[in-house]
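Turn these sequences into a full structure, and let the hints guide you.
So for the sequence shown, the working numbering puts the first residue at 879; every next one is plus one.
Worth double-checking, as some hints may not be accurate.
Keeping only pairs whose Cα atoms sit at most 27 Å apart, straight-line, the calculated BS3-like set for lysine-lysine is [claimed, not checked]:
(1) 1250 <-> 1187
(2) 1189 <-> 1311
(3) 1311 <-> 1187
(4) 1169 <-> 1543
(5) 947 <-> 1250
(6) 1403 <-> 1455
(7) 1403 <-> 1289
(8) 1135 <-> 1275
(9) 1054 <-> 1173
(10) 961 <-> 1187
(11) 947 <-> 1054
(12) 947 <-> 1289
(13) 1380 <-> 1311
(14) 1187 <-> 1289
(15) 1380 <-> 1455
(16) 1380 <-> 1424
(17) 1250 <-> 1289
(18) 1173 <-> 1135
(19) 1289 <-> 1275
Hints are computed from structural coordinates only; laboratory data are not their basis.
It should be emphasised that the depicted structure is a prediction, and the values quoted were computed from it without experimental measurement.
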Amino acid sequence: MNKNGLKGLSAILIPLLCATSVWSEESKDKTNVVLEGVVVSTERFQELEGGIADGFLTKEVSVGALGDKRAFDVPYQINTIPKEIIKNQRSQGLEDVIKYIPSAQIEWRGGADVGRPQTRGMRGDVVANSYWDGLHVVSTTATPMAMFDSLQILNGLSGSLYGAANPSGVYNFERKRPTNEYENSLLFTYGESGHAEAEADVGGRLNDKVGYRGVFVGGDGEGYVEGSNLRRQLISTGLDFYLTDRLTLETNFSYYKYIKEGYTGQFNMPYTALGVARYTLPDAYDASDEKYAQKNAGRKLTTTTYSGKLKYDIADNWYAEGGYLTQRADRALYGLTNTYNSNNGTYTSSVPAQTTATRFELDSYMAYIKTKQEILGFENDIAMGGNGYIWDIYTNKATGGRYISSTTDVKNLTLGDTIRFNDQWQTLVSVGKSWIGTESYNVAGVTTSDVSKQDYSYAASVIYQPIENLSLYVTYADSIQPGDSGTDVHGVIRTLDPYRSKQYEVGAKLALERIDLSTALFQIKRPTAYTGSDGVFEEQGEQTNKGVEFMASGKLTQSTAVFGGVTFMDTEISGAKIANINNKEAIGMPEWQANLLVEYTVPSFEELVLSSNFHYTGERAIDPANTQWADEYFTIDLSARYATKKLWGDRTIFRLSVNNITDEKYWGGIFASNGLDGNAASGSTSLFLGEPRNITASVEVRF
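Pasting the structure below:
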């Protein structure tokens, strides 16, 4: 790590370290720590709350079959990005909010807006790791954050609770629901380059039996590259039917169209069959420079989703819910590809024909029941049920049109029990069984591979809470996941048998008077698969990630709130066919990543809140042999918001934000295009430029 990187990391860590003295000083003579809920002051504008002052351990999170539980009580690391961060930081998509969780990343396959979300450096699945309200969804299409109340991210392995999945965590997006009172807002946003958007958010009750919620977004205009264009259209509606005092039916519809053209594309660095980059990687370019872009290159994404969920509070100790979702995601990807061809930084440019999926069709479902019972004198929280999905992938034909290139059918059953022995000790045990079927087809509809397997996932945790506000835990998890799909040297798509991942985790959660702290040590192992120099796509080697993560959220002082953390992670590839690849770090994964969001309410002028976000990402390997590395980077975002009752509606809120205020040039996304250990003569790494300085202003009217 160079001196600039140390300065960047220090800028994030020092406030967190200094906070220790603040907490200890402010906690003197204060022994009552209440975790049941949060009281929000009514003396200042509620609209100015940043969603981070009340911490994250008291918040309820959805934990697969276990249902809703306090984050404090769960033996996993779960963090929530609330709606206030989404709106105040003007976050359009998942790629805008993921930076706030340092253990989370996006694998930029084609770009951040179509990449795969992941945690702890393990590549995510297109479907198995992502949910809307507990129902599987497609992750590799644009996700409009305006329609969600929060994003909950569970780090690491949890297949026994959610079903067969990659060991890359769980992303659960909670949709905005109807409000009890009549609430409406209009939001207008303008970017310095000319991009403008309007957003309407309406909610309330039609009567005692029906509630409604609607979110509508329309935006168009030039982005940060001259001549570029970003167009967004969102319709998101929800109707809730309160059938009885105990029975509720939630229904949802959303349509999202996203067109982004004229931005910089991806840069490919080829490497040899020994995993060595063929050329010297230049410093990152200015992403706003139009010479690195092409006006007719980009992507057009259209996603349509219908879903429904029935919630039944059966009796005092019994609760059940079930749901169904159907989704179609059309993806036209015609992005610019620049391939390096010399040590002088020269490259050839092209807009290649799309070879990735052009359409995903998904049907997903879930049904769970949970109860609290006393068995053998111990309190048991028992949960059981299942989920699954049927997922069709469509690929373009060379002669025009589409064909189904694969179908995946996954069914999961889960049983979990939290056993409380006394006020200090409890254990969580869970087991799941998965049935995984995947068929791949060629353009003529002939089956090229057919996998049908079933196996178990399981996990066990011991939780110790010596005092009311401290929770210590140990968790072991062993999960099955769907086998990867890949193309062999003959162009045939093959799907591998399911394989297993394992995780060890030791963690602690502490709720202080004003701030929540959470930390964990972890180790994850998973198999890797790729097309080797022999032309065969198969399981070859193993990836092991070890690390430690830390998160904090709450108030440092009465006027200052923070949300942030730091993650250290060591990734290692083993079992590679080529000796010099063994024990090397995985491509694109930094050892250090940190983020700190700080909000300051001006004491003498409480209508005004100032915020700053500091982000650091360490250097990352760009080839399997680790001969070259992309530089670390440090960015600063600044913003301010002001609320008043003296203009329009009930409240008027002005926001101004400047992202990447120093205009840092950096490689934002890096991933191995093919081959994890470099045993492929045609291997390459794809790199994407990070966004330049960007200024936006907005005005919101609530009524």
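Practice problem: Below or equal to 27 Å on CA atoms is what counts here, so check residue 947 against residue 1054. | Solution: Holds, because 19 Å separates the two Cα atoms, which is no more than 27 Å.
Self-check item: residue 1289 paired with residue 1275 [C-alpha distance capped at 27 Å]
Solution: 30 Å, violated
Practice problem: Mind checking the alpha carbons of residue 947 and residue 1289 for me, to see if they're no more than 27 Å apart? | Solution: Distance ~24 Å between residue 947 and residue 1289 Cα, so the pair holds.
Self-check item: Given hint residue 1135 paired with residue 1173 - CA-CA distance at most 27 Å
Solution: 19 Å, holds
Quiz item: Between residue 1250 and residue 1289, does the CA-CA distance stay at or below 27 Å?
Solution: 26 Å, holds
Quiz prompt | Satisfaction of hint between residue 1187 and residue 1250, Cα-Cα up to 27 Å | solution = Answer holds: residue 1250 to residue 1187 is near 22 Å, not above 27 Å.
Practice problem: Please work out if residue 1169 and residue 1543 have their alpha carbons no farther apart than 27 Å. | Solution: It holds: about 15 Å lies between the C-alpha atoms, which stays within 27 Å.
Quiz prompt | Straight-line alpha-carbon gap residue 1311 to residue 1187, limit 27 Å | solution = 23 Å, holds
Quiz prompt | residue 1380 paired with residue 1424 [C-alpha distance capped at 27 Å] | solution = Distance of about 12 Å is within 27 Å: holds.
Quiz item: Under the criterion that the straight-line Cα-Cα distance not exceed 27 Å, is the pair residue 1054, residue 1173 satisfied?
Solution: 35 Å, violated
Self-check item: Hinted pair residue 1189 and residue 1311, Cα distance within 27 Å
Solution: 24 Å, holds
Exercise. For the pair we were handed, residue 947 and residue 1250, check the Cα-Cα distance against 27 Å.
Key: 13 Å, holds
The structure fails to meet hints 9, 19 from the earlier list, while all remaining hints are met.
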